[in-house]
Amino acid sequence: MHIQKKKKLLFDKKILELTINRLCQHLIENHDQFKNTVLIGLQPRGTQFALRIKNRLMELLKCEIHCGFLDITFYRDDFRRSTHPLSPNSTKIDFLIEGKKVVLIDDVLCTGRTVRSALDALTAFGRPEKIELLVLIDRTYNRELPIEPTYIGIRVNTLDTQKIITEIDDNGFNDKIWIVDK
Amino acid sequence: MTKLSVKHLLSIKPLTPADIELIFKTSENFKSVINRPIKKVPSMRDVTIANVFFENSTRTRISFELAEKRLSADVINFSASSSSVTKGETLVDTANNIISMKVDMIVMRHPNPGAAEFLSKKVNAIVINAGDGTHEHPTQALLDCFTIQEKFGKVKGLKVAIIGDIIHSRVALSNIFCLKKLGASVRVCGPPTLIPKFIEKLDIDVSYNIDETLNWCDVANVLRIQAERQEIRYFPSLREYSMYYGINKQRLDKIGKKIMIMHPGPINRGIELTSDVADSEHSVILEQVENGVAVRMAVLYLLSPPMV
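Those protein sequence lines, which keep their order, are chains A and B.
The opening residue of the first sequence carries number 1 in the working numbering; numbering runs sequentially from there.
The opening residue of the second sequence carries number 183 in the working numbering; numbering runs sequentially from there.
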C-alpha cells in the first residue's frame, strides 16, 4: 500500500517576518542597545537566520550589531561514528567574545547535541559573560540533552520520523519552512 | 566530496586533484582553529598516534606532534636511535609491537625509499609518510602548494621553479607531482650532477641557468644541499655552488619582478639562500611552517579511522 508523505507548512514569508519581529523585540527587552551583546549564527543553516535577525535589529535600533558564524564540526560528539569524515564549514568571528553576552542562533533545535558542541566551540574563543540560545523552531520531545532555548520562534511536537525543511533565502521573497515525513 | 580516495598517505602520486582540494579546504578550517585563543579541538580525542622517526627531524616531527596534540589525539614518540632498532629489531616487528599497544595511526620517517608503503602492507594501522629517503615527502608538498594557493589564490597556471639538490630531494619529487596535479608549470634547476637523469619524463622543464629560471618563475622553491646523503662530490665546493646557484639579493634585484621564495628548511644560510633573501619580504618560509601544522591536522583528520 502506498502511503503518501505528509507535508505541512510551518512558516511562510509573512509569519516568518512577524516571528522575527517578535524575537527581535524580545531580544531588545533583554539587551537594550546591544552594546555588550553579540550574535553568533551556527553553521550551516543558522547563519542565514542570524543575518535576518541582525538586519531587523539594526533597522529597529539604528546601530551596528556584531554577528559572527560558528562552525561546530570539530567539536561534535559523533566524530568517527560514520565512514566519512564530517565536512567543516567556515567560522567567521571578527570580534572578541570575552566578557560579552552571546546570543547563539540556530534554525532548529532538536536533540540539543549541536548546541552542546557549540558551547564547547565558543569557549575556544574566550569566556563570555553569558550565553543565550535563540531558535526559530523548537522540536520538543526530541531532546537528548538537558538544553533549553531562551527565545523560541515556534514550538512544535514532532516525531522522529519527521524532519524540518527550511528555505530561508537572502532577500526573503521565498521564505518557506516545512515539516515533512522522512 | 568529503572523503579521501586513499586509506594511507604514502605519496602524492595516487592522490586526485579533488583529494588535494579537500585537504586544502580542511586545512583552511584548521588554520582558523590554530589562530584562536584556544588552539585545540576534541576531534581525535580517542585516537592514538605513534610518530616513528628512523631519521633526524625537527620541523616535521614537531609539526606532526603539534597537529596531533591540537586534535586532542594521544601521541607517542619513537626515535630509532634510542630504541630496540639498535639491537637489530626489524621495521615490521617494531611497528607491530607499537600497534599491539592499540595505536591507530603511524607517522613514519625512514631513510629507505618505499618504507612507508612497505609498512602499510604489513601492519593494521593507517600509515602517513613523513619522508622516505629520497622518494617522497607528501605533507611537505601539500603545505608548499597550500602556501602557494593561499598567496596567489590559485596554483593553476603558475610557474614554479624547484632549485638546488633535486637528486637527493624527496621534497622535489612530491612537489613536482602535487604541482602538476594542480595545473602549475614546473621547472627544476640546479647543477647537472644534482638533477636526476630522465626527470624530464615527468613532463617538466629542466634548466641549468639560475638567472634565466628566476626570470621565468613566479615561485622559487629552493632546496637544501643534502650533504648527509652525498657519498661522492657532486660539485667542487660549497662556495662555488653558492656562487653559481645560491640565491642572493643582487640576483633577485636583477630580475626586476617580485617572486615568492620558499624553502622546506632547514636552511643552509649563505649556501642556497643568503640571509637577506631568507629574511626578506619575498620569503614565505615561516608561513610554510605555520601552514604545515594546519595541513597535517587536515591530513590526520581526513585519514582517521572510523570507529564503526
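Simulated from the structure, these hints should not be mistaken for lab results.
Note that the Cβ used here is the ideal one computed from N, Cα and C, for glycine as well.
Please note: incorrect hints may appear among the correct ones.
[Claimed, not checked] In silico DSS-like cross-links for lysine-lysine, where the CA-CA straight-line distance does not exceed 27 angstroms: (1) A:Lys92 / B:Lys303; (2) B:Lys221 / A:Lys92; (3) A:Lys130 / B:Lys221.
[Stated by the list, open to error] Only some residues are given here: those of chain B computed to face chain A with a beta carbon under 10 angstroms: (4) Lys185; (5) Asn211; (6) Ser214; (7) Ile244; (8) Leu248; (9) Lys251; (10) Val257; (11) Ile258; (12) Lys431; (13) Tyr483.
key: Interface hint status, Val257 (chain B) versus chain A (Cβ within 10 angstroms)   = 17 angstroms, violated
query = Holds or violated: is there a CB of chain A closer than 10 angstroms to the CB of Asn211 (chain B)?
reply = 4 angstroms, holds
key: Residue hint Ser214 (chain B), partner chain A, criterion CB-CB below 10 angstroms   = This interface hint holds because 6 angstroms falls under the 10 angstroms limit.
inquiry  = Just to be careful: measuring from the Cβ of Lys251 (chain B) to every Cβ in chain A, is the smallest value less than 10 angstroms?
reply    = 14 angstroms, violated
Restraint satisfaction for Leu248 (chain B) [CB to CB of chain A, less than 10 angstroms] = Constraint on Leu248 (chain B) not satisfied, violated at 16 angstroms.
query = How about Tyr483 (chain B): closest beta carbon in chain A under 10 angstroms, or not?
reply = For Tyr483 (chain B), the interface hint holds, since the closest Cβ of chain A sits about 6 angstroms away, which is under 10 angstroms.
ask   = Holds or violated: is the Cβ of Lys185 (chain B) closer than 10 angstroms to a Cβ in chain A?
value = 5 angstroms, holds
Lys221 (chain B) paired with Lys92 (chain A) [C-alpha distance capped at 27 angstroms] = 15 angstroms, holds
Restraint check for Lys92 (chain A) with Lys303 (chain B), where alpha carbons must lie at most 27 angstroms apart = 42 angstroms, violated
ask   = Should the interface hint for Lys431 (chain B) be scored as holding, given a Cβ-Cβ cut-off of 10 angstroms against chain A?
value = Violated, because the Cβ-Cβ distance from Lys431 (chain B) to chain A comes to roughly 37 angstroms (cut-off 10 angstroms).
key: Interface hint compliance - Ile258 (chain B) to chain A, C-beta minimum distance less than 10 angstroms   = Violated, about 20 angstroms.
inquiry  = Less than 10 angstroms between beta-carbons is the criterion; does Ile244 (chain B) satisfy it with respect to chain A?
reply    = 22 angstroms, violated
Of the hints listed earlier, those the structure fails to meet are numbers 1, 7, 8, 9, 10, 11 and 12, in rising order.
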